[in-house]
Amino acid sequence: MSAPQPLTVHVGVAVPLLLANVDTDAIIPSREMKTVSRQGLGQALFAAWRYHYDGVQRLAVNDEFVLNQPAYAAATVLLAGPNFGCGSSREHAVWAIADYGFRVLIAPSFGAIFQGNCIRNGLLPVELPLEQVQVLAAWVAAAPQQHQVTVDLVACEVRTTGGHVWPFVVPAVARSRLLEGRDEIAETLAYSPELAEWRERDRRLRPWVYAGEAG
Amino acid sequence: MPATLFDKLWETHAVRGFADGSALLALDRVFLHERTGSIALASVLDSGRLLPAGQRVLATMDHVVDTHPTRSDDTTMPGGASFIQAMRTTAHRAGIRLFDLGDPQQGISHVVAADLGFVLPGYTYVCPDSHACTLGALGALAWGIGTSDCEQALATEMLRIARPKQLRVWVDGELSPGVSAKDLALHLIATHGSAGGERQAIEFAGPAIRALSMEGRFTLCNMAVEFSAFCGLVAPDERTVAYVLGREWAPQGAAFEQAAAAWLQLATDEGAAFDREIRLHARDVSPMVTWGTALDHGASVSGMVPLLESLPEASRNRAAKALDYMGLAPGTALAGQPIDAAFIGSCTNGRLEDLRAAAALLDGQRVAKHVRALCVPASGAVKRAAEAEGLDQVFIQAGFEWREPGCSLCFFAGGESFAAGARVVSSTNRNFEGRQGPRVRTHVASPATVAASAIAGKLTDPREFFPQQEEP
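Heads up: the protein sequence lines correspond to chains A and B, in order. The numbering of the first sequence is our numbering, which starts it at 1 and goes up by one. The numbering of the second sequence is our numbering, which starts it at 1 and goes up by one.
If we strip away everything but chain A, and leave its shape as in the complex, we get:
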């Protein structure tokens, strides 16, 4: 994959979806992962909630689902509940969220594999306490298009014109990757000589791991 798009300060419409333990099957059902590709999955985001179905046949848009409400049409920030993105490791969940147009997710906590996948794809997962996410959701819901949310990764704070200013913590490595849009593979390859030294030692300590390999 190519390096992700850098993210510094993001301002955008936020949409609240504050359920706990939203799993990656809900973010994108397996049946919607139809191609051997990372692109074009935005239309399948939250498919089981976003559309009415007859079996697997999409009938119509579910107007009641929050993402389908016109006020949130331009949303780029998702406000979510605890343990968002738990379950299956499918990176398609993150590809679908990014392809839909989100850049930032704010939740009390995230599924571990999901959170790593976010960083890889230039999507910022911000952890705020549940009470703050709830306050933010209520404030946003009062006037979604006017009440935009600022997520500042340089200062590591979430701000609003409603006077909210909340700091957040992102691991330094994840932060610099997101800020600079760095390619982690190229970065890691720089440590290849250290890996080679490690392997040489390890071959003596655990020869069975390498049985049958040349040299």
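The set of hints was computed from the structure by calculation and includes no laboratory data.
A short, non-exhaustive set of chain B residues, derived as facing chain A with CB atoms under 10 Å:
| id | residue |
| --- | --- |
| 1 | A314 |
| 2 | P438 |
| 3 | R439 |
Listing some non-contacts, in silico: residues in chain A with all C-beta distances to chain B over 12 Å:
| id | residue |
| --- | --- |
| 4 | Q69 |
| 5 | V165 |
| 6 | L179 |
By construction, the Cβ of each residue, glycine as well, lies at the ideal position given by its N, Cα and C atoms.
Fit chain B to the supplied structure of chain A, relying on the hints for placement.
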């Protein structure tokens, strides 16, 4: 300084540590599957980067393959053939051994990895599938990754990992007859919540774990991700060593003795510190079944759907939504709920011991007339071993379909499914909305509970089939 099993695995694989506590860990083994493997592999091949040595990477077909006996590349999933063919093409380009359709070793990656001895105690192992943590049962550091991490694993053989907190789950006593590792996992998750092990490295220990078979340990570690853990672990012991001995890729002779001695040294030292400990007693665990759409929505089969007011306030809305989906009312008895289908299989409970546990109840019985029942062995090796014991005939005579290996109906990929609204009792790992098909209602349980329920045509405590067992 006394060290935990996790500490030892971490220290022996840390190529470089960083000030924030994270480390670049060297990876010993990678397993790919057709759902995402070809995407990661094609990216590496196209970048011109080198791949790891041949025997460090394997690939299999498991996620979307058809499991009908007459299967071909044309799966029941629309477009499924493109995943199978892309995996085949990229594995061939890369020179990676692939367990293709028709290969005697084809099956679910996490099960095949253990069958073959591809993953051994003390290894680091990743796979782009969340249930990679299954292999922690061998005392291997095994965790699930996304496609991009997988691409990096292939291109660099290292992943930078934030050091997780360590949780020990200590289980005293011994599980009662008819109660399995699956019930223990569901009990743990029901008690401490789906996020109860969030991002932690969990070591399962104590007399009840020592007494578990290797297959039970695989089931338990498999379910660690449903507890939101980073990984699950069981320290290698004599049982582990005996399990590994003679596997195709395990060392032999003097080399095995040397390795086994090293593996036994991996066990957590006396006095080593954990960040947290959960203590359970095995006698408190009974056959479990889930009633909702998350794994912490679980209760004893002989119990009832909880009353909403008995739940913490914060989880009532979620429970109410789940019960609406499941078509169940609070306070209803779980045992006796009529079922439409029964499924035995998956990386959680599709191993030989699981099939034996189900077959022990099914022998000489028939599944209820209205119940559709399937058994899908997790791997070719499991299937052959089961057939050698005649288990296939037990399943078939009881009215089960006997399938080819794969993930099958553990999840719905767009092809085969149960009917909308169907109530399914399943030996799989997830009961999420739509997991087994649109509007399908999944009750996750042990293989014995699935078999007992299939015979009775309703959710049933498997201990009802052991009348000779006295209550303690």
